[in-house]
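Chains V and E, in that order, give the protein sequences.
The first sequence begins at 1 in our numbering and counts up by one.
The second sequence begins at 1 in our numbering and counts up by one.
Treat each hint with caution, since some may be false.
Straight-line alpha carbon distances no greater than 16 Å define the calculated EDC-like cross-link-like pairs of lysine to aspartate or glutamate that follow [to be verified]:
#: 1; chain 1: E; residue 1: LYS189; chain 2: V; residue 2: GLU164
#: 2; chain 1: E; residue 1: LYS77; chain 2: V; residue 2: ASP136
#: 3; chain 1: E; residue 1: LYS318; chain 2: V; residue 2: GLU235
#: 4; chain 1: E; residue 1: LYS69; chain 2: V; residue 2: ASP29
Cβ pair distances, simulated, as ranges [stated by the list, open to error]:
#: 5; chain 1: V; residue 1: LEU218; chain 2: E; residue 2: ILE161; range: 21 to 29 Å
#: 6; chain 1: V; residue 1: ASN109; chain 2: E; residue 2: SER125; range: 17 to 25 Å
#: 7; chain 1: E; residue 1: SER176; chain 2: V; residue 2: ILE191; range: 52 to 60 Å
#: 8; chain 1: V; residue 1: GLU234; chain 2: E; residue 2: HIS239; range: 28 to 36 Å
So these bits of chain E aren't anywhere near chain V, every CB distance computed over 10 Å [to be verified]:
#: 9; residue: MET1
#: 10; residue: GLY33
#: 11; residue: LYS43
#: 12; residue: ASP64
#: 13; residue: PHE140
#: 14; residue: ARG207
#: 15; residue: SER319
Honestly, the hints are just simulated from the structure, not real lab data.
In this text, a Cβ means the ideal position worked out from N, Cα and C, and glycines have one as well.
Here is what each chain is made of, one letter per residue.
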Amino acid sequence: MKILVCISKTPDTTAKIAFADNNTKFSADGVQWIINPYDEWYSLVRAIELKEADSSINIHLINIGGSDNEPIIRKALALGGDEAIRVDTDKNDSFYIASQIAHIAKEGNYDLILTGKETIDYNGSSVGAMVAELLDTPFISHATKFNIESGNAIVVREIEGGEETNKVAFPLVVSCQKGMAEQRIPNMKGIMGARTKPLKVVEPAAAEEFTAVATFDLPPAKAGVKLVSPETPEELVRLLHEEAKVI
Amino acid sequence: MSVLVFIDQTEGKIKKSSYEAASYGAQTASLLGTHAEGIILGKTEENLSALGNYGLKKVHTIEDNQLNKFDAQVYAKLIHEVLVSSGADTIVFSNNISAKAIAPRLSVKLKAGLVSGAVALPVLSNGFIVKKSVFSGKAFANISINTSKKIISVNPNSFNISTIEGTAEIIPFSTSIPTSIIETTTVNKITGEVPLGEADIVVSGGRGLKGPENWGLVTELASLLNAATACSRPVADIHWRPHHEHVGQTGLAIAPNLYIAIGISGAIQHLAGVNRSKTIVVINKDPEAPFFKAADYGIVGDAFEVVPKIIDSIKKMKSSS
Ligand SMILES: Cc1cc2nc3c(=O)[nH]c(=O)nc-3n(C[C@H](O)[C@H](O)[C@H](O)COP(=O)(O)OP(=O)(O)OC[C@H]3O[C@@H](n4cnc5c(N)ncnc54)[C@H](O)[C@@H]3O)c2cc1C
């Protein structure tokens, strides 16, 4: 069994969000970069757990991005995974990215492709489903549990208003969220080992870009909080009813 | 050329967010100088011609029991067929779990640029630009769609429903339904609760509530206000509340009219998921809690004393009105 885990780089969750070049670019000044939490905590760790249970499983990581992405790829390798592939491009349109992943996935004949349910920067939630469409395979999104039983995937996923359990044959694409696995911290052995794991850099395949960021905006600042005394909570109820008109 | 709106239903009922998508689709169509149509898959008990009141001229239906089980691969294929036969070139979804699995597939099939998480109508003065929420609500990006066909998935609670008088023509579409290759072995629906992503009012609790045994305060206030309940991440992590209630950067991002946070500090990762709420109320005993900076109204006080008084006062207000 070969698993391809998609790893994306995002700003740390506490990063200050600011823009440069007339609001056309994200300002990376002083920003700490992390592995997108959904990719790291859920899809990567679940893949590692599957390999721990069955050592014949091979885990490859894929990242689409420039050479400045290598520290987060090495960190992912320190957690686990056998080797990594970086497709060298700075483009970030979802269809373009999905095309790169699908291209590598076809060449590598992977049985399972794991993504996070979304990235915490663009919140697109679209790459996994696009890869599935490009490969003409099923896509199970928002998965909270994943197991392999007699050659099939058994996946619990969130649906609108509940959850369901699916049984589906490989190959398939799954997007992962909370419930899949627990966050892990890389240990010293992992960090040392990651240095020598193969990290292959490949040129992007030809693909179109469907969209482009024109500009960014920040939301308007809040006017400031109106405090109500804890002695008179009925005043809060009155304000919500008469002033904000929300209850 | 027309706009096609995907009307989502669960258990035969059209979701509120689909009416938002219909209004969004109708207004986008009038900007483009065309009209909007709808598509609904599976059996429903709703009067579909009433979708005319949300600006849809026609509604394409495929009434087949098989479609009451959701499979994005099957759905995308059928929507594609209807789109081709209706001549639509713009598709609108409400950005929920189902749309997140269907819309990207259609994007590939149609070579149509997709903006998911849209919060405003497209701006056509310089191409086709759609504003969407990014960085989990901390900013917006204006995305230019550069393909001739376009897909927009609108965030729930970001666009107001508008109604007019109208009747939609119902057009049954007949085709063969592909069999799903995903076998669904069990389904658990959460019934009787307001879905969090669509709720107008959300009451949320944090670690300040001390333990799951105290959640009666949150649920009682929520049921009085017909609100959904939510929680901070540590509360879901320690299993005081189910994980689908977890809001924030790594949970659900929501935008209700009113968000009431009780005993939540307001960490940046929490704010990321709730800062698009129109009105934020914070109840916290620490005057320095960062949440007060993001709030519209606040009470510095002990939740265990303040919330029961709020509940009483709402009850009084309700009985006097
Ligand atoms: C990568 C990453 C992602 C994260 N994602 C999320 C996310 O998606 N969502 C999220 O919520 N968090 C997230 N977090 C965690 C976040 O940083 C905070 O730790 C968390 O939000 C704090 O939860 P809390 O406010 O419930 O608890 P605390 O920070 O412990 O705050 C409890 C609050 O309750 C108040 N309080 C105590 N007793 C009372 C009382 N009797 N009456 C009134 N108030 C009282 C206290 O003053 C305090 O402000 C993330 C963290 C990281 C590192």
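Status of each hint after checking the structure:
1. Taking the CA atoms of LYS189 of chain E and GLU164 of chain V, the gap is about 8 Å. The hint holds against a cut of 16 Å.
2. At most 16 Å may separate the alpha-carbon atoms for a hinted pair to count; LYS77 of chain E and ASP136 of chain V meet this at roughly 11 Å.
3. For the proposed pair LYS318 of chain E and GLU235 of chain V, the alpha carbon gap of about 15 Å is at most 16 Å, so the pair holds.
4. Between the alpha carbons of LYS69 of chain E and ASP29 of chain V the distance comes to roughly 47 Å, so the proposed pair goes past 16 Å and is violated.
5. Between LEU218 of chain V and ILE161 of chain E the CB atoms are about 27 Å apart, so this pair conforms to the stated range of 21 to 29 Å.
6. For ASN109 of chain V and SER125 of chain E, the hinted distance range of 17 to 25 Å is not satisfied, since their beta carbons lie about 47 Å from each other.
7. For the pair SER176 of chain E and ILE191 of chain V, the beta carbons lie near 55 Å from each other, so the given range of 52 to 60 Å is met.
8. Roughly 35 Å separates the CB atoms of GLU234 of chain V and HIS239 of chain E, a value that falls within the hinted 28 to 36 Å.
9. For MET1 of chain E, the requirement that its beta carbon stay farther than 10 Å from each beta carbon of chain V is met, with the minimum near 19 Å.
10. Annotated as non-interface, GLY33 of chain E keeps its C-beta farther than 10 Å from every C-beta of chain V; the closest such distance is 23 Å.
11. Distance check for LYS43 of chain E against chain V: the nearest CB is about 16 Å away, which clears 10 Å, and the non-interface claim stands.
12. Even its closest Cβ contact with chain V, about 19 Å, leaves ASP64 of chain E beyond 10 Å, as expected for a residue assigned away from the interface.
13. Distance check on PHE140 of chain E: its Cβ comes as close as 5 Å (rounded) to a Cβ of chain V, failing to clear the 10 Å threshold; non-interface status is violated.
14. Every CB of chain V is more than 10 Å from the CB of ARG207 of chain E (nearest about 17 Å), matching its label as outside the interface.
15. Remark: the non-interface label on SER319 of chain E is consistent with the geometry, its nearest Cβ contact in chain V lying 13 Å away (cut-off 10 Å).
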